[in-house]
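K.L.:
With chain W's structure known, arrange chain G on it following the hints.
Heads up: the sequence lines are chains W and G, in that order. Okay, so the first sequence: first residue is 1 according to the working numbering, each after it adds one. Okay, so the second sequence: first residue is 1 according to the working numbering, each after it adds one.
Worth flagging that the hints you see were computed from the coordinates, not collected in a lab. Cβ atoms here follow ideal geometry from the backbone N, Cα and C, with glycine treated the same way. Hints are not guaranteed to be accurate.
Covered stretches of chain G (chain W as the covering partner; in silico rule of three or more C-beta atoms under 8 Å from a C-beta of chain W) [unchecked claim]: (1) 106-113; (2) 178-185; (3) 198-208.
Rough simulated footprint, nothing fancy, chain W against chain G, three-plus residues with beta-carbon under 8 Å [to be verified]: (4) 16-27; (5) 34-40; (6) 120-130.
Number of protein chains: 2
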Amino acid sequence: MSERSELRRYPNRGSHDPEVIHKILDEGFLAHVGFNVNGQPFVIPTLYGRAGDRLFLHGSAASRMLKELDRGLPACVNVAIVDALVLARSGFHSSINYRSVVAFGTAKKIRNDEDKAAALKTISEHVMPSRWREIRGPSEKELKATAVLEFAIEEASAKIRSGPPLDDEPDYELPVWAGLLPMKFSPGEPVADPRLPAAIEVPEYVQRYRRS
Amino acid sequence: MSERSELRRYPNRGSHDPEVIHKILDEGFLAHVGFNVNGQPFVIPTLYGRAGDRLFLHGSAASRMLKELDRGLPACVNVAIVDALVLARSGFHSSINYRSVVAFGTAKKIRNDEDKAAALKTISEHVMPSRWREIRGPSEKELKATAVLEFAIEEASAKIRSGPPLDDEPDYELPVWAGLLPMKFSPGEPVADPRLPAAIEVPEYVQRYRRS
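Next up, chain W with everything else stripped away, as it sits in the complex (with noise of 0.2 Å):
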């Protein structure tokens, strides 16, 4: 571990185990990628899957963000959910009970066609599990538009906040209501597509969809 992913801050709410790293990672499905040009540092959202301590992310061959990546630059990945706003009875000591994961790393290019195509099916499957096996895959033509990162995850730090409110001992007796108030990120109603035929109906996997 070097002094890039050394938790300075509240490091009760660190972690560097793997297990931990990766069920977040699991749970999300939009990360935040960090990277300079020309000493400018860019913050870009993106879809990604993960591999073991691999992350694939995928955009168009003409991305800049993929370009960048790919000449091998110290790249920064954040994943973070948010599970609650903490409620407390002063400033100071609100906050939001959240998981995030930074990684530190870099990226490459997958070049041969076929690890092309089965990162592109573990981005699909991170996103909406099940889907891959009834879609169109790429063809040849799709493969060649597209460009598709391995980001190698070479440090990782884990950082969580959970529980109620902890407030200074005199505020607990302000008159003012605290606690947590629960945050999801949850789908609605799916919407068909307005050329689908009526016959074709929602599958399970929509139906069931959850990130957690």
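P.N.:
Using the frame of chain W, we list chain G on its own:
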């Protein structure tokens, strides 16, 4: 507008309209902040508040992120809201509906206590409107222990995808369900702090909390 916020991919989905940008920044509450330490990019999720073209970020006075940002380094902030999974008939056209803002600028610490308290109120009201007037405000000691940064947005762009999947013409004949699975980041039932007196009821502004 310089090259860094030029909209390269899918320019039809992009916007530099401040009204569009502000609306996204006001609906989200978790920002991903990107900055460099010795050429290593970091991406850190954090709460924020907005006043005009300034974002306020806060944390411990000992926070590495806030210390580094205060050096006036170029930074990047992303706020992304996921609206739906776009389930197309091919992997290639599967996507998500989202609204995202990438903002570039520099940050500096607010040193005046009065401005600092005002910025903390802005963050609090951004995350949970109406709460600030009920809770205990920051003490002098707490203000000292808290760093509040003002991130001045120099350039920003929004990217938005909305609407149904757009498939290749021949794929519309595939016998696969296609459409949107709307996703929403919404509150569950409030959970009272274990030490809360039973007589204190959940406030209206917590009961009715919505992000959009």
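K.L.:
Can you tell me if the region 198-208 of chain G counts as covered by chain W, using C-beta to C-beta distances under 8 Å and a minimum of three residues?
P.N.:
Check passed, 5 qualifying residues.
K.L.:
Given as covered by chain W, does the region 178-185 of chain G meet the bar of three residues or more with CB within less than 8 Å?
P.N.:
Since 8 is at least three, the answer is holds.
K.L.:
Between the region 16-27 of chain G and chain W, see if three or more residues pass the 8 Å beta-carbon test, and mark the coverage as holds or violated.
P.N.:
Coverage by chain W is violated for the region 16-27 of chain G (0 residues, Cβ < 8 Å).
K.L.:
Residue count check for the region 106-113 of chain G against chain W: does it reach three with CB-CB under 8 Å?
P.N.:
n = 0 at 8 Å, threshold three: violated.
K.L.:
Counting residues of the region 120-130 of chain G that have a beta-carbon nearer than 8 Å to any beta-carbon of chain W, does the count reach 3?
P.N.:
With 5 residues close enough to chain W, the hint holds.
K.L.:
At a Cβ distance under 8 Å, does chain W reach at least three residues of the region 34-40 of chain G?
P.N.:
holds (count 6)
Comparing the model with each earlier hint shows violations of hints 1, 4; every other hint is respected.
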